[in-house]
Each structure stands twice: as structure tokens, then as C-alpha cells.
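Next come the chains, spelled out residue by residue.
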Amino acid sequence: NAGVTQTPKFRILKIGQSMTLQCTQDMNHNYMYWYRQDPGMGLKLIYYSVGAGITDKGEVPNGYNVSRSTTEDFPLRLELAAPSQTSVYFCASTLNTGNTIYFGEGSWLTVV
Amino acid sequence: KNEVEQSPQNLTAQEGEFITINCSYSVGISALHWLQQHPGGGIVSLFMLSSGKKKHGRLIATINIQEKHSSLHITASHPRDSAVYICAVGETSGSRLTFGEGTQLTVNP
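Line by line, the protein sequences give chains H and D. Sequential numbering of the first sequence, starting at 435, is according to the working numbering. Sequential numbering of the second sequence, starting at 103, is according to the working numbering.
Note that these hints are calculated values from the structure, not bench results. A virtual CB, placed ideally from N, CA and C, is assigned to each residue, including glycine. This list has only true hints and no planted wrong ones.
Listed next, the stretches of chain H that the computed footprint assigns to chain D, with coverage defined by at least 3 CB atoms under 8 Å from CB atoms of chain D:
1. 467-476
2. 482-495
3. 531-537
Rough simulated footprint, nothing fancy, chain H against chain D, three-plus residues with beta-carbon under 8 Å:
4. 126-140
5. 202-210
Chain D extracted, bound-state conformation (with noise of 0.2 Å):
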């Protein structure tokens, strides 16, 4: 079983609807960072969060430590959004980031 769980593998919608895409973890975290990587594969940070909820334009990011749990949401999708979206942590007891396998997101017009 992968340290980091990420769910759906890939996921298509259609233009304006709301999207979640959901994080799993099993280890102790100092924090979990929301990732996306663009088709030309450039990858650029989102969100990192140690507790709470986080919000940048559209996009949110919530976490529950007790549960071990994040989930990105992005509201009113754009077809300017389809990409792949990648979960990680960095590890209380070391010095890695451990990666989820990401979801894949499409967003048709």
C-alpha cells in the first residue's frame, strides 16, 4: 500500500462543475502540498498545509490530520484547468517528500 493515496486516478468533467480530488495518507506529516503538472510538464506548487483550509481563486484545499486527509477542490472547472494534480507529504520523521500517483483532470468545454 502506497504511504500516499490519491482518488480518482483520472477524472473527467464538464466546464463549470465543481471538482474534488481526494488525498490519503498513512504517515505523520509536517505538511501536504497540492501540486499541478501541466501537459508540457511543468510542475508548480498550489497549496501547502500543515491544518485547515486554504483558498486561492478558485481553488481549495482542506485538511483533517486526524484523519489523514486532504482534498483539493476547484469551483466553476475551466477547460484551462485539465491537468494532472499531485498530492505530497513531507514526513515528520525524515527529510522526504512522498508523492501520491496523481489524478489526471480533464475539463471539457
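Chain H with its partners taken away, still in its complex shape (with noise of 0.2 Å):
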């Protein structure tokens, strides 16, 4: 099994500029989740969905869109970048909350 797959793993990005983080998971989850981490501080949500065609905001969502087309793929959007949105980004996926939780390796954003 791939597990939960991001892509890009790195990129800079220049102030306005828009792009799409991926992320895809094989093992049939419902639930999926998108995480900020800055340096030195723990997760923040970002958007969450419970199934296709269902999305939700998390604590942190602005400037950020996201879609859940598919069982699979939750992409989350970036529109108009700006340096606070420097950081690096987890998707994770899971059957439900009580069940274990499967991180992507993570994408690392800079906003210059």
C-alpha cells in the first residue's frame, strides 16, 4: 500500500501566486485531513473531510480552498500565497477518529 501520498514535497511559491497541494490515499478512508505545522509549534487544521462531496473548516482555513471529489483525493488549494502561509503541510487520512491515523511524509511551503 502507498498509504497517504503529497505532492510536492518542496516549493517556493512568490507572493500571489496560486497552487495545489495533492494528496491521495489508498486504504478507502472517509475521513481525511489537512495540517499546518510552523516551526517550533504542533498542528493546526486546516480543512477536514468526512467523505466525497462533504469538506469542512478546520481552526485555520483562510486562504485556503479544498474539494474531496473522490474517496481518494483531497487537494487543498492556495490562492494568492502570502509569506504567513510559509510553513509545512500534513495530509492525513483515516477510517474515523477511532481508528489509526495515516500521515503524508508532508510538503514544505515558502512564500517569498
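Mind assembling these two chains? They're in different frames, but the hints should get you there.
Rendered as C-alpha cells:
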């Protein structure tokens, strides 16, 4: 099993550019999450989804958008990138909150 | 006050020492997770608990549902245990996973 796959691993963006972080899981998990982790800090929830066609905001959704058209994919869109969005982004999935959580390897994003 | 509080924030130990990391939470949970994040950034699940105690090698995790408290113990610690250990809870009231800030563990040889 590939588990949770995130791309790209590293990206440098200029202020105002847009990009999409891709996340795919092959475990048929219902729940998928996007987190950001700033240096020395904990994980903050951006958006999550409990199934295809359903998404909801987390703690820090401003500046981001998501979609969940299939069970497997949960892309995170950054519109008009800002330096405050420089962070490490993690995608995670689980069957439900009482089951093991699986994380992608992380995407390092720098906005300059 | 955060819903999930970990202590200590930082911990330095000598190789061979017994280590305890604590996690307290304030919400009803379906499960509590202990995760490990290595310096390269990758996050792996160590334990998922809804009651009692689990053991895997030198790692032991316990949870007290009444007291809303969990502990992660590492016996005979080793420098390769150096990592950030994160507590996360799955809330019974929703679909979210709420994370603690993590405990940075450094084990010196």
C-alpha cells in the first residue's frame, strides 16, 4: 500500500501566486485532513472531510480551499499566496477518529 | 486553555533512563492517539487507545478515561528515541482530531 501520498514535497512560491497541494490515499478512508505546522509549533487543522462531497473548515481555513470529489483525493488550494502561509503541510487520513491515523510525508512550502 | 495539553514541552534524558510524557484533555473522546515526529518531519502513529494500556517494544501507553489523562512511557531510552511526541484526541462530538503541541524529547548517549 502506498498509504497517504502528498505532492509536491518542496515548493517555493512568490507572493500572490496560487498552487494546489495534492493528497491521495489508497486505504478507502472516509476521513481526510489538512494540517499546517509552523516551526516549533503544533499541528493546526486547516480543512477536513468526512467523505466524498463533504468538506468543513478547521481552525485556520483563511487563504485555503479544498474539494473532495472522490474518496481517494483531497487537494488543498492556496489562492494568492502570502508569506504567512510559509509552513509545512501535512495531509492525513483515517477510517474514523477511533482508528489509526496515517500521515503523508509533508510538503514544505515557502512564500517569498 | 487548549483542549489537549501535553507536558513537559521539552525533555532531555540520558540513555537508559525511563521517560514519561503526559497528556490531559478536556473533551469527550472516542480515542486518544500517540504519534511520533522525527526531525525529518514524518509523523507516524505509535498507539491508538480508548481504554487501559498498550505496549509495543519499549513503549507503553496508558489512559485513564475518568481522569481524562494519558501517559506515554519509554523504557531504557535510546538516542534514536529523540523525536517530538504528539498526543491527539478524536472527539466523540465530531469528526476532528485535536492535537497537543508536542513534547520534544532528546536522549543523549
